[in-house]
Amino acid sequence: MISSVNSGLIKKARRGDGRAFSMLIENHERFVFNVVYRITGNAEDARDVSQEAFIKAFKNFESYDESSAFSTWLYRIAVNTAIDYIRKRKKENSISFEDYIVDEKNQKGDSGIEEKVISKEGVKNIISAVNMLDDEFKTVIVLRDMEGMDYKEISDITGLPLGTVKSRLSRGRGKLRQMIEKFNLKPETEGRGRA
Amino acid sequence: MKCDEALNIIDMYVDECVDAYDEKEFLKHIETCESCRNAYNEIKRITSELNNAEYLPLPDDFHNELTEKLIKSGKKRNRSRIVKYSAIAACAVLVFMTGAYMKNLYYMASNESYTESADAASANESMSNDMLRSANGASPKLFADGASADVYEGAEAGGTGESTANSYNDTMLSTAEQNITRKIIKTGYISINVNSFDETSQLVKTYMEQNNGYVERSDQYADYDSQTNAYKGKSGNITVRIESTKFSDTMSYIETLGTVTNQSVTVNDITNNYVDAQSRLEVKEQEKERLTELLDSAENIGDIISIESRLTEVISDIESYQAQLNSYDDVVDYSSINISITEKNDESIIPAKTDFVDKAAYNFKNSARTLFSGFEGIVLLVIKLWAPLAVVLVVAVATVVFIKTKKNKK
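Residue numbers (my numbering), protein chains in the order written: chain A, 1 to 195; chain B, 1001 to 1410.
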């Protein structure tokens, strides 16, 4: 729910006041940008896609019925926009993660990530390994392990049942473990905190 | 706890979502089972490493750029809203007009005694009045300039009013170039429905007295319904003569006395006839002069008699031409207006009073009546078309439900 302080801004934003909406979302900008960045794997794309998500939210602000938290509603739009974007990008370019996958010729149409031939330089750490996951696993891993959301929040944002969230999380982590083993990823040095 | 079960709850344990019993059992298991312990440690490591991932700062100018984009798309949205609301308003007006039109069709079919011209006038009451007024607005200019040919203004129905007004403008243009004093006869015909015949005819008479006009002829009779023989009211005709310069004002005044059901103005240019009569008169005058001179110098009685008899003919011709010119002057200087007055017990008739408050009250009532008539028309239309409307409604509801369920599934 949105605090009463914001109710004036909400009214204005619903009437199509872009500046009011901009003030409403200001505190969510960095979070949305980072979630989108982690799903798309590219900062430049994340800039465009997160802005697109905000504009989408603004245009559909009338449909926000306040039954869920404003942030949940906003993140749902951001996550869906980001997933739509990477699916589109995949369709347009089969070498989707050009930063990581270099030798596409050797790969033979397998969907499982572990079978893909991935350059070792690409997957330097676990974070880059997350980028190699399929969308369905990546989304829950990003939201749970990187953003620290609980299962319920993830379920609300993705629209998936709790059970599915749990199983995808488990399978996603399993895939990460396989990648760690395959690329012999060393733990990152300690001392890095979340901003 | 077996390995299967332990592996199943590793993730939940890492996420701190297991109950106390499972937790205890799980910890007991990994103490002894190395592979499960390794799995747990690996997942623990993954999650903590991911959890420590750094947040990227927002790109430079992200907020300002986004705000600008939002403001722009907001403006667009407002504009599209205006378009949307305008469209809705236009549709509503269309629906009302259709309703009013349907109501009149219905009324026409159900009331045979209603005359055609009255129908046409009432179908678009306010509209046709406006048209008439605009046509009248054009006419004074025309009369001042003089017309070159017969012009007939038929403003029986609102629909034709506009085209008539246009043809007026054309005539005005062509005549404006000519600077001859033209002789034009204007005759007006106007039919009005009023509440009280006596009151209206008295108002007409008073107006004529005040404006140097006069009532040339008037008659009145009682109206009975042809089928029921019931008394319907008094009707009559009044022909008035008014200075041609006051023609338009008088027509406008008469319009305000009741509901105009029919109105027309005939303009007849008699310049040629007039000039013709004038020149014949001149010729005869000259002949008269010559004959008078001859008479003076005549010596022979036979000549005198024949000259006098010719002179008598010429003088008679002169008088006849003079009379013709006088009558021309009379009809040119004084226009005729034939007023046909019908008494109707109908509230929609403008009361025969002309002060502002009454007019305003009338227009207010009339507007409300039009709106109501629109509603009535819609209701009648809905009743008339209930079967196809029901089908449309069912299809529409089905579509909405379909779209909603589809959206929900998404």
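Keep in mind that the hints were calculated from the coordinates and are not lab data. Among the clues, some could well be false.
Within a straight-line C-alpha distance of at most 27 Å, the following computed BS3-like cross-link-like pairs (lysine-lysine) qualify [claimed, not checked]:
1. A:56 with B:1069
2. B:1002 with A:175
3. B:1069 with A:12
4. A:59 with B:1072
5. B:1072 with A:88
6. B:1406 with A:88
7. B:1084 with A:56
8. B:1002 with A:91
9. B:1072 with A:12
10. B:1232 with A:182
11. A:11 with B:1072
12. B:1404 with A:11
Computed far set for chain A versus chain B, every beta-carbon distance over 10 Å [said to hold, decoys possible]:
13. 26
14. 65
15. 83
16. 89
17. 160
18. 166
19. 170
Here the structure is a predicted model, which means the values were calculated and not measured. No residue lacks a Cβ here, since even glycine has one placed at the ideal position from N, Cα and C.
In ascending order, which of the hints set out earlier in this document are inconsistent with the structure?
8, 10, 13, 18 and 19
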